[in-house]
Amino acid sequence: MDETYAAKLQIYSVEEKVASTAVCIVRCVGGVARAGQQFERESTTDVSGSQSRMKLESIFRYEQPADFPEPPHSAKVHLSGEGLDNLKRGVIIMARHSST
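In terms of our numbering, the sequence shown has 128 at position 14, counting the first letter as 1, and numbering is strictly consecutive.
FYI, nobody ran anything at the bench for these hints, they're computed from the structure. Note that CB positions come from ideal geometry on N, CA and C, so glycine has one too. Certain hints may be false.
Using 27 angstroms as the maximum straight-line C-alpha spacing, the simulated DSSO-like pairs for lysine-lysine come out as follows [claimed, not checked]:
(1) Lys190 <-> Lys169
(2) Lys190 <-> Lys131
(3) Lys122 <-> Lys190
(4) Lys131 <-> Lys202
(5) Lys202 <-> Lys169
(6) Lys169 <-> Lys131
(7) Lys202 <-> Lys190
(8) Lys202 <-> Lys122
(9) Lys122 <-> Lys169
Now the in silico label distances, taken between C-beta atoms and shown as ranges [said to hold, decoys possible]:
(10) Glu156 <-> Glu184: 17 to 23 angstroms
(11) Gln178 <-> Gly150: 15 to 21 angstroms
(12) Val146 <-> Ser194: 28 to 34 angstroms
(13) Tyr176 <-> Val146: 14 to 20 angstroms
(14) Arg210 <-> Glu177: 15 to 21 angstroms
(15) Glu196 <-> Ser172: 15 to 21 angstroms
(16) Pro179 <-> Gln152: 19 to 25 angstroms
(17) Lys131 <-> His211: 15 to 21 angstroms
(18) Gly204 <-> Glu130: 15 to 21 angstroms
(19) His187 <-> Gly150: 25 to 31 angstroms
(20) Pro179 <-> Val132: 25 to 31 angstroms
(21) Val132 <-> Pro185: 16 to 22 angstroms
Whenever a hint applies, use it, and build me the whole structure from the sequences.
Take a look at the structure:
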C-alpha cells in the first residue's frame, strides 16, 4: 500500500554509476525524500527472497545541496548500496516509514 512508504522517487536518468554508488536525476512522485533514508526498488524481490537496498546519500537542486524534494519536484541524488545496476529511466524506488 502507498501509505507504508515515506517517499517514492522515479528515476529520470542515471548520470554516473561507479561500483556501489550512483548519481541520478529523479522526480519525487510521493512523500518527502530525505538524505539518510533507505530505499528499495519497486518489485525487487527475486527468487531467493533478497531485496536491493540503497541509501540516499545526498540531494541537490539547482546544483545546491537540498534537504529534501517533494512532489512534483526533481533533484539530483547520490545513492549507495546494492541494486544500483538495475536503475534506469522509469524505475521507482521507495523508502519505508521508520518503524522505530
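Consistency of the hints with the structure:
1. Lys190 <-> Lys169: holds, 14 angstroms
2. Lys190 <-> Lys131: holds, 13 angstroms
3. Lys122 <-> Lys190: The given pair, whose Cα atoms are some 14 angstroms apart, holds under the 27 angstroms limit.
4. Lys131 <-> Lys202: holds, 11 angstroms
5. Lys202 <-> Lys169: holds, 17 angstroms
6. Lys169 <-> Lys131: Holds. Lys169 to Lys131 sits at ~14 angstroms (cutoff 27 angstroms).
7. Lys202 <-> Lys190: holds, 14 angstroms
8. Lys202 <-> Lys122: Distance of about 15 angstroms is within 27 angstroms: holds.
9. Lys122 <-> Lys169: holds, 13 angstroms
10. Glu156 <-> Glu184: 17 to 23 angstroms: Holds: the Cβ-Cβ distance is about 19 angstroms, inside 17 to 23 angstroms.
11. Gln178 <-> Gly150: 15 to 21 angstroms: This hint holds: roughly 18 angstroms between Cβ atoms.
12. Val146 <-> Ser194: 28 to 34 angstroms: Since the Cβ atoms of Val146 and Ser194 sit about 20 angstroms apart, the hinted range of 28 to 34 angstroms is violated.
13. Tyr176 <-> Val146: 14 to 20 angstroms: At roughly 18 angstroms between Cβ atoms, Val146 and Tyr176 fall inside 14 to 20 angstroms, so the hint holds.
14. Arg210 <-> Glu177: 15 to 21 angstroms: violated, 29 angstroms
15. Glu196 <-> Ser172: 15 to 21 angstroms: holds, 18 angstroms
16. Pro179 <-> Gln152: 19 to 25 angstroms: About 20 angstroms separates the Cβ atoms of Pro179 and Gln152, which means 19 to 25 angstroms holds.
17. Lys131 <-> His211: 15 to 21 angstroms: violated, 28 angstroms
18. Gly204 <-> Glu130: 15 to 21 angstroms: Holds: the Cβ-Cβ distance is about 18 angstroms, inside 15 to 21 angstroms.
19. His187 <-> Gly150: 25 to 31 angstroms: With Cβ atoms ~19 angstroms apart, the hint is violated.
20. Pro179 <-> Val132: 25 to 31 angstroms: violated, 21 angstroms
21. Val132 <-> Pro185: 16 to 22 angstroms: violated, 29 angstroms
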